[in-house]
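Enquirer: The primary structure of each chain is shown beneath.
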Amino acid sequence: MTDRGYFGEFGGSFIPEILVATFEELVQAYEDARSDPSFWSQFVSLMGSYSCRPTPLTYAENLTKHFGGARIFVKREDLNHTGAHKVNNVMGQGLLVQRMGKGRVIAETGAGQHGVATATMAAKFGFSCTVYMGEVDVERQRPNVFWMERLGAEVVTVKEGTRILKDAINEAFRDWVTNMDDTHYVLGTACGPHPFPEMVSWLQSIIGQEARVQVLEASGRLPTRVYACVGGGSNAMGLFGGFFDDDVELVGVEAGGRGLDSSAHASRLASADATRGVAQGYKTFFLQDRDGQMRETHSVAAGLDYVGVSPILANLRETGRVRFEAATDAEVVEALALTMRKEGLIPALESAHAFVQAFKEAPELSSDDVILINQSGRGDKDIFTIADAFDDPGWKAFICEKARHYDAR
Amino acid sequence: MTDRGYFGEFGGSFIPEILVATFEELVQAYEDARSDPSFWSQFVSLMGSYSCRPTPLTYAENLTKHFGGARIFVKREDLNHTGAHKVNNVMGQGLLVQRMGKGRVIAETGAGQHGVATATMAAKFGFSCTVYMGEVDVERQRPNVFWMERLGAEVVTVKEGTRILKDAINEAFRDWVTNMDDTHYVLGTACGPHPFPEMVSWLQSIIGQEARVQVLEASGRLPTRVYACVGGGSNAMGLFGGFFDDDVELVGVEAGGRGLDSSAHASRLASADATRGVAQGYKTFFLQDRDGQMRETHSVAAGLDYVGVSPILANLRETGRVRFEAATDAEVVEALALTMRKEGLIPALESAHAFVQAFKEAPELSSDDVILINQSGRGDKDIFTIADAFDDPGWKAFICEKARHYDAR
Amino acid sequence: MMLADEIREKRQERDILLMTHIVVGYPSFDDSLRVVEQMVAAGVDLMELQIPFSEPIADGPVILRANQQALMAGSTVERCLVFAEEVNRRFDIPFLLMTYYNILFKYGVSDFTGRMAAAGIAGSIVPDLPPEEAKDYLEAMGRNALEPIFIFSPNTRDERMRVIAKHAGGFVYCVARKGVTGAETSFSDEFAAYLARCRAATDLPLALGFGVKSRSDVDFLRGQVDIAVIGTETLRVLDEHGVDGVRGFIEGLR
Amino acid sequence: MMLADEIREKRQERDILLMTHIVVGYPSFDDSLRVVEQMVAAGVDLMELQIPFSEPIADGPVILRANQQALMAGSTVERCLVFAEEVNRRFDIPFLLMTYYNILFKYGVSDFTGRMAAAGIAGSIVPDLPPEEAKDYLEAMGRNALEPIFIFSPNTRDERMRVIAKHAGGFVYCVARKGVTGAETSFSDEFAAYLARCRAATDLPLALGFGVKSRSDVDFLRGQVDIAVIGTETLRVLDEHGVDGVRGFIEGLR
Ligand SMILES: Cc1ncc(COP(=O)(O)O)c(C=O)c1O
Ligand SMILES: Cc1ncc(COP(=O)(O)O)c(C=O)c1O
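Protein chains in written order, with the working numbering: chain A, 154 to 562; chain B, 154 to 562; chain C, 2 to 255; chain D, 2 to 255.
The hints are simulated quantities; they were obtained by calculation from the structure and are not laboratory data. All figures in this text were calculated on a predicted structure; none of them were measured in a lab. No incorrect hints appear here.
Estimated spans, in silico, between C-beta atoms of each pair: (1) Ser-416/A to Gly-75/C: 17 to 27 Å; (2) Ser-415/B to Arg-216/D: 53 to 63 Å; (3) Gly-254/B to Arg-448/A: 55 to 65 Å; (4) Gly-201/A to Gly-473/B: 34 to 44 Å; (5) Glu-162/B to Asp-560/A: 48 to 58 Å; (6) Arg-80/D to Thr-472/B: 33 to 43 Å.
A short, non-exhaustive set of chain D residues, derived as facing chain B with CB atoms under 8 Å: (7) Phe-54; (8) Gly-61; (9) Leu-72; (10) Ser-154.
Using N, Cα and C, we set each Cβ at its ideal position, and we do this for glycine too.
The shape of chain A in the complex, shown without the other chains (with noise of 0.2 Å):
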């Protein structure tokens, strides 16, 4: 039998039979493509014309100045074409898609970036293209989900379990399930069976291998810990993947929500409340309940509130190469308001739990640290969520000008 993607004890490939050749398939075409260097130089040159790798990175001075301890450096994969890191996971697929010689793609959104950026990838490489969406996700980021149709996309409204990004998934391996000659399913974050989850790390490590090199060059040292953001865990792998074998601190941070012990929130790692479980295809730690049924999780950031996690994350946390911690929703928003008047920068809720724990952090270090924050994506995506957590009066007032205008037609 083949490998299967074990890290650990998690990983796995747990899916039905009828995906088996597919998923073989895949794993063909993923291991070709890791062992022929061509294909690393073919995707470091498209994501340099198209998007704009190398990301910059920036020395955060006012910040640092603000917490007096470490110098804080930011990773900018906010500046990316669709405006966060999933494109680089999402342009890789597309290489492999056109290897394969496919041409549909599907995919799972929950925040709507990975949808965007699918959408994006298909009109670009000619593929069609749907995204599964799940109604409440539908409901919150309709910006997205109108960009998505814009760019030719199909946007499926899942109405089914919780409505969110797991069903969606779920709803995306159905198509699968009976699209698979077809169409390629890209996953949007290193999770799901094998090869997704050590597939996508190594597209998103294109982050931490320019990071690594632009640090070095920048503050003439590695960083002491580096700081990232923990959904499905791609965005963090990406970044970890610089550092893995230098003497670096890696912190993963998770969705706090409304506090751990508030049972609101999407920890997986730095909570207790997660046991291990097989789901969507993977083994992990997953946030359920006792006989094994997938409990809700909140999140101030929709991109965060997912039930499991990397499988490779949690086996990190189990040898303990990786620490992971959690951020409030709170904390979260006073971070992200810091930061824009500091620095102006807007980064996603997501990404800005990164920045709340290197905040909390960085006053304890001495100026002879470097600390790095994966700033992952940006927040002008987030401005119905951003304008509600700051309750913003005029935002309101706009909007409901917005819709007495559209009732009055």
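Here the structure of chain A is known, so what remains is to put chains B, C and D with the ligands in place on it, guided by the hints.
Expert: For chains B, C and D with the ligands alone, coordinates are given in the frame of chain A:
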């Protein structure tokens, strides 16, 4: 008397006496910076680490095939931090403000792009910041107001005049007249009194300098024609700046609004409706009535509906070095839709004007020809306008629902 | 007697067996019990009892919704096991548990199979557990003399079919086509070739599922497979005609 | 007689002259005419007639709004010139036109100054036209024996004051402080030094504007400058008390 920045018969410096000393200081600072090579390298390095310069050059393979003529390349100013070329000028002026030792910046904004860029720069440099914005624009560009405020800027709603960009400029001048000692006015485009047209064009020329190298590298030859939209003229001057000495045709595309014969447009150089005039501190073509009163303009793109235009471009029209065309609102929406579907790119409505003209001309050129379009900004910021242009029912329902939710609280 | 033999024996009497499916606790435990009653009375030969799971990745919309509603109505693993025990005591046909692997994993595979055996259940179908991931499961099933039902699909290659067959017990569940439960299947030449491949790969009886919904479907399968599986369609009948409609529907199939 | 001499002569009688300002056509041409009547009756010595412009960059909110409303109410350049002609015929004080350069430029500087001269206007104030840009204007004004009023500001350096003075005619308009029309000014020591610089730079009479609004302001200026300019404040009085309030306000200033 000192050089007052004339380009042929256009330009000059028609300013109240109270500002003369301030302008002298600015001209001095600008000239010092321009003759100090370290300024430009500091600028380039800032833009490389804070924004994502060099911005990529993307080969639009699908559009090229679609039109079957010239090879189409797109310069990706949309990938800049804050989402448009505006940030080039703004960060450059930020460095100048630092040199001048001032602590406050003011700016006018129409579309909001320049205001957000300035608020961002002010946060980064630690300046205090006031942005003037016409009431009409505040109403239609609320997301940008929200971000400016979060970035720490004070946004002043201008209720005078036609309550759009030109009125915001007047208001910014009024502030400056009062507070010039500690305040720099960050004008957002290649207009206004000397040295603004020349200085803004110089800072934006980073676009053209990069693009020239990139096109040569990607296609082995210089472009046959380059296209840029023209509001005030800064992105056009920036791109053209790389090609003035080459045998390259330069095409500026203005807002044709509802058509050049409708009078609801903002075409100062491509239509016969504009005449020579002096306002807002400089001489150029203005859309004005027989008495010299400025007229109302119209464009689907908030960033293009300005009554004046860069005096440098006015002169380049007279000399014939630049050709000017206009794109109507309807053509713009169509070109935008095509570009999204074919390439996964979302140009700003402003930038889409350049695409319209390039699309008209690409088929008549041969595959040996290369054309270059400046994608001056990204369309995300325009979702309210674009969704309206497409009359998107899902979007409207979303806004109405959101409003009901706010009303209920 | 081993399940496979029991099936072969019944096949002496009937040219095709029927296996039906319920989601336990949907729409309620009482209704589930009455549906089993009706099905047995209508002459069903085997039954799948699906323990609902929140992420039924291989199920189509109808069964998916039944899973969710059962969970919302309070179906727990414990109550499902008690239910299984009860129907097995009261009705004289083999019952199988169908569920996703997380239900077993979370319960503890060893404990779970112990409970199955104690309840007199014949075996189980776990659609997201391919044999490669099934080491613990297979051991525990073997220890408890339970039949691990595995699945063939049209794109399972011959070699792999033989590997799967080696691990399988009771019968092999052949999915008729790509896709999830509950969609249309057209029974083509390709289909005959597929069944021939299934036959060649194993001596176990073959069940065919996904899309069987009418007497003509069953007629078509007669002589080709041992068991026709009616899954989604009974749920549709239940939803439309209530518990009392089920018996007539089943009787009409054969 | 040259305007400067006329002013010097009047100053023999009065220790300070008053110059007031109206926006022509605000709120209507009839009202404008009545306001001029009232002002002349109240003893005003000179008047600025502002031809409204859509972009009055150097004016504060009160005058800005008056510009816009006058335009909306139909004030055109032609009507303003006719108005200027009429008041000049009816009232025996010097009138100046105040407007932005585009109004002259668009009309044609030569034609415009010709019309001014024909209307008997004494000169003009064009706040966005520094002498460096004023070549055509100065020539045309000279040709028509019109006085080009120029402006000093607190941050105009001595040397530049002298250059400006060389081009100026009639009097020099000294702005009291940084800022646009209509805001507060505090009359400090710095201010005294500024006025001394203005005096040193030119022999022409000096007018002081921006912020003069009460009798005590005028008292303060007495002896220091030749003309106190009351701009924004009359507009405020007009807005609050109507045309009939203007006369009392002006009379109260001196
Ligand atoms: C900006 C951003 N950051 C982070 C995430 C979380 O995903 P991951 O943990 O895979 O990086 C998302 C998901 O949508 C996202 O949009
Ligand atoms: C994206 C974009 N492009 C173009 C313009 C027009 O300005 P300019 O002509 O100065 O480039 C604007 C102005 O806001 C803009 O936002």
